[in-house]
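Asks: Could you put the whole structure together from the sequences, leaning on the hints where they help?
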Amino acid sequence: MTPGNVTPDNPIVFLVDDDPRVREALCSLISSVGFRVAAFGSAAEFLEFEKPDAPSCLVLDLQLPDVNGLELQRELAGREAPPIVFITGHGDIPSSVRAMKAGAIEFLSKPFGERELLQAIDAALAVDRTARQKRSELAELRKSYSLLTPREREVLPFVVAGFANKETAAELGTSEITIGVHRGQIMRKMSARSLAELVRMADKLGIAPSIRPA
Amino acid sequence: MKVLSQIRPYGLAAISCGLALAVAWPLDAPVSCFFLAVMVSGLYGGKGPGLFAVGLSALAFDYFFLPPRFQIDLDTASFLRFGPFFGANLLVVGLIEAKRRTEKARRQIAAQVQRSEAYLAEAQKLSRSGSWASTADSMQTTYWSAEMFRIMGLPPSDNSPSLEQLAALFPPEAWGCLTEMFEAARLKKTTFDGDFPLISQDGTDRTLRIVGHPVLGASGEILEFVGTAIDITEQRQARAALERAFDEIKKSEDRLRLIIDTIPTLAWSAGARGLAEFFNRRWLDYTGLSSGQAVDGGWKAVIHPSDVDRLVGHWKSLVASGEPGEMEARMRRFDGEYRWFLFRGCPLRDDSGRIVKWCGINTDIEDRRRAEEALRERERDLSMIIEAIPALVWCASADGELTYVNQRILDYAGANLDALARAGWVGFLHPDDVEPTVRSWLHSLETGQPHEVQYRFRRFDGVYRWFHVLGQPARDTEGHRTRWYGLLIDIDDRKNMEEALRNTQARLSRAAQTATVGEFAAAIAHEINQPLAAVVANGHACLRWLSAQPPNLAKAHEAAERIVRDGKDAGEVIRRIRALFKRASLEATALDMNDIIGEVLRLTRSELVRRSVIVETELEPGLPSITGDRVQLQQLLFNLLVNGIDAMDGVADRPKKLFIRSKQQAGEGVLVEVSDCGPGLAEPDKAFEAFFTTKQNGLGMGLAICRSIVEAHRGRLWTESANGAGATFCFTLPKHASTDR
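These protein sequences, in sequence, are chains A and B.
Quick note: the first sequence uses the numbering used here, first residue 1, plus one each step.
Quick note: the second sequence uses the numbering used here, first residue 1001, plus one each step.
The hints are simulated quantities; they were obtained by calculation from the structure and are not laboratory data.
Here the structure is a predicted model, which means the values were calculated and not measured.
By construction, the Cβ of each residue, glycine as well, lies at the ideal position given by its N, Cα and C atoms.
A portion of the hints provided could be inaccurate.
With the Cβ distance kept under 8 Å, some of the chain B side facing chain A (calculated, not the full set) [to be verified]:
1. T1363
2. A1537
3. V1609
Some residues of chain A that are not near chain B, with every Cβ distance over 12 Å (derived) [unchecked claim]:
4. S32
5. G34
6. F40
7. L47
8. E48
9. L62
10. A77
11. S109
12. K134
13. P150
14. R153
15. A169
16. V181
17. R188
18. D203
Pair by pair, the computed Cβ-Cβ distance ranges are [to be verified]:
19. L1543(B) to A126(A): 23 to 29 Å
20. G1571(B) to K204(A): 53 to 59 Å
21. E1711(B) to E48(A): 49 to 55 Å
22. Q185(A) to S1547(B): 57 to 63 Å
23. D1493(B) to V97(A): 43 to 49 Å
24. T1719(B) to A126(A): 56 to 62 Å
25. S1547(B) to A126(A): 23 to 29 Å
26. K204(A) to T1617(B): 58 to 64 Å
27. E1673(B) to V97(A): 36 to 42 Å
Replies: Quick look at the structure:
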């Protein structure tokens, strides 16, 4: 929890609170730990902000003058948005339940201790890092997949379903040798070291293995 | 005349004798002349005049011609002449007489025959029958009676028609048949008899019955055929009509039977002495008995064992009395289920009033019985309910006469219905309630409006208890009032409670005031938490900046300064809240209403933000001071604001706007209006009543407290509501006595 702990990927903490006093105090506290902080007085300001490509999280006040914090959370859902830590001066149980159900990392009532806040921020950043990692892996896979020819994409489901080349050739009406060539190309283009790895890749890409005829 | 006509032949005889004498004298041929005279007299006058002429001739012959002449005496020679002359004359007269008699008899016979023929013709005409005769070996007729021609539609003629003419009268097949029959009769020497149609001459179909039989000679040969022909057209028609009539009767009988078997009821009939004769199809289908079984006394077997003796006894008594009657009994269906039936029997009498038959029907009344049973059950239930419900129930006729009260009323009053009826119940009312109660009741009786009144009703032990009385008229289908039904509800405890409630309302309102302050505090928690959170965060930040390597003193300093500033803020908030909680007695000081409005708005700022409510104000500057308690007035405004915010909870189609206006009111001091844009007030009169609320979680005390605060300040609080366009709460407060601007 010292500036030395900060990982080299230089994460950023977004802060949205309409009370300038709270905003100032939290900016100071968060930056004292070594995180970059970007503070906003309203949801609109936050939405307009150009987010840098770095692990991030959002510390969000539940009551905002323009949009309610829960509404903003709903709006951000499914947009590769940063994980949210809610803070509120007058929290009620239904709001906190809704926030947590919608995927919030933490729901803190003011006034809160620094430990609670910083732990929540760390947790949120960890979640974001994992998500980013997954996203980039998937992007990489998609890129590899895009290199496959249409015929290779046709062959792929049979390969990952464990069909022998002979069977696949019979299914697709071509020669065993051709299928062998396609298979080699697929392994090479997808950079798969083993069939097991290729199966995992197909799974991540959402490609369903062909169903073996009864 | 008769005498004359009898004498005349005699005269003629005398004259002819005279003439004979005159002719014979000169000729001297007396015999032949007198002979002629006798013949003439006999032929003309008959036996009498003939003998008379014989006498005269004999005398004249003897006297004038026989010797001795001119004497009557006869000598023997003369006698020999005279004798043959006389004998020949007598013979002539005898012969002439015999001839005359034969002739007379012949004429008589002829006349008789003629008469008979006329009778026959008349008979034939009347019976439309004709007679005919034909040759032995062909149909060629030799004789047709006059009627034959008429029957055949031919002009009368003396000659019977030829074979061809005859054949032309019949249709070919009929003619063929006729000739065939004739041939057969001729060969077998038998009579033939058949009906034959005629070719229609005038459009009517006619039929003849022709009978012929052979007349046999001594050696058995056929001499001729004689026969009759009868026009049987009418007879046939009559028979056809009769047949049709019979047919019709048969058909209508069938129809009747069909109706009897089809009518949806069980029907039967019995003889005059009560023995079953007939059961209709439905009866048989219902019971599953055959007609034979049923008639054979089987009908008794399908009557329920518990009913059969009663039914048979009743039936016997009906038969004995000859009166129609009815009775209910259970009858077994083919599947063994017993159903209730109404048996009805009715005697059928002939013209003389004698019973010839009994007819009856059995009507299925099972459903009706069940309905009746259910109705009785319901009636029992209802009466039990009426007696059991913990209320006093009464019933009165349309003119207001008490006809029924339930047991509870009797128990309560300790009196019977007689004591209460005929306005006796009025005597049980509290003297103070008699007049309004009676007036209301009479009004209801007159107008038919429901009767609703509260009065004190004396219990058996003399204690009066309050009752809420309701009476409702029952009407028939035409809307006329038939009855009044009513209820007395004991509200004595409620009345007492209301009284107690009124007494405690003041205390309650004070207690509720504290409760509202609690709500108030929760709403302003945000106000305290905000600076507090800042202080805590700044504190942590400050420590971190200080403990950093190297310490960032500038940042730590900034943080510390912010701690001081936010700490002061928090202190200010707390000070304001404490002021609210300070429950000083009504402290009348000079106050500026606009200050109070501003203060409350500041305290509720976050609540307004949280509920997305925009506040617009129009505060008149330089308002006169008013006299009042700051805390109470803050609470008044706070309540009105919260009320407005709550009222706009459901508003989604327009901004939630709260409008606050203050202005000077001529003579009255200061006017404050709080308007919301919610749905408005449905019952503005009730808005200030304690415990009246339209909110799900409201206590219903907020506006009641407002009113008591305003009234304590000698002001006025009211509402102005345009339904659907929000509500406005207004209050006025008198200006401070010492300020006089």
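Asks: All the hints need checking, so say for each whether the structure fits it.
Replies: Cross-check of the supplied hints:
1. With a least beta-carbon distance of about 70 Å to chain A, the hint placing T1363(B) at the interface is violated under the 8 Å criterion.
2. A hinted interface residue such as A1537(B) counts as satisfied when its beta carbon comes closer than 8 Å to some beta carbon of chain A; here the least separation is about 4 Å, so the hint holds.
3. Against a cut-off of 8 Å between C-beta atoms, the interface hint on V1609(B) holds, since the closest Cβ of chain A lies about 6 Å away.
4. With a least CB separation of 4 Å from chain B, S32(A) falls inside the 12 Å interface cut-off, contrary to its annotation.
5. At roughly 9 Å from the closest C-beta of chain B, the C-beta of G34(A) falls inside 12 Å, breaking its exclusion from the interface.
6. The claim that F40(A) lies off the interface holds: its Cβ sits roughly 16 Å from the closest Cβ of chain B, which is beyond the 12 Å cut-off.
7. Once the 12 Å rule is applied to beta carbons, L47(A) is consistent with being away from chain B; the minimum gap is 19 Å.
8. The claim that E48(A) lies off the interface holds: its Cβ sits roughly 21 Å from the closest Cβ of chain B, which is beyond the 12 Å cut-off.
9. Residue-level check failed: L62(A) sits 9 Å from the nearest beta carbon of chain B, not beyond 12 Å.
10. Against chain B, the non-interface label of A77(A) holds: every CB pair exceeds 12 Å, the least being about 21 Å.
11. For S109(A), the non-interface assignment is contradicted: its Cβ lies about 8 Å from the closest Cβ of chain B, within the 12 Å cut-off.
12. Residue placement check: K134(A) keeps its beta carbon more than 12 Å from all beta carbons of chain B (closest about 33 Å).
13. Annotated as non-interface, P150(A) keeps its C-beta farther than 12 Å from every C-beta of chain B; the closest such distance is 52 Å.
14. With 12 Å as the threshold on Cβ separation, the claim that R153(A) sits away from chain B holds: the shortest Cβ distance comes to roughly 50 Å.
15. A cut-off of 12 Å between C-beta atoms confirms that A169(A) is not in contact with chain B; the least separation is 64 Å.
16. No beta-carbon of chain B comes within 12 Å of the beta-carbon of V181(A); the shortest separation is about 63 Å.
17. Residue placement check: R188(A) keeps its beta carbon more than 12 Å from all beta carbons of chain B (closest about 52 Å).
18. Against the 12 Å criterion, D203(A) stays outside the reach of chain B, whose nearest CB is about 45 Å from its own CB.
19. Roughly 25 Å separates the CB atoms of L1543(B) and A126(A), a value that falls within the hinted 23 to 29 Å.
20. Separated by about 58 Å at the C-beta atoms, G1571(B) and K204(A) satisfy the suggested range of 53 to 59 Å.
21. In this structure, E1711(B) and E48(A) meet the distance hint of 49 to 55 Å, their C-beta atoms being roughly 53 Å apart.
22. For Q185(A) and S1547(B), the Cβ-Cβ distance of about 60 Å falls inside the hinted range of 57 to 63 Å, so the restraint holds.
23. Checked against the given bound of 43 to 49 Å, the beta carbons of D1493(B) and V97(A), roughly 45 Å apart, stay inside it.
24. Separation of T1719(B) from A126(A) is about 57 Å and conforms to the stated range, judged on CB atoms against 56 to 62 Å.
25. The hinted window of 23 to 29 Å between S1547(B) and A126(A) holds, with their beta carbons roughly 25 Å apart.
26. In this structure the hint that K204(A) and T1617(B) lie 58 to 64 Å apart at CB holds, the actual value being about 60 Å.
27. For E1673(B) and V97(A), the Cβ-Cβ distance of about 40 Å falls inside the hinted range of 36 to 42 Å, so the restraint holds.
The structure fails hints 1, 4, 5, 9 and 11 (numbered hints given earlier, in ascending order).
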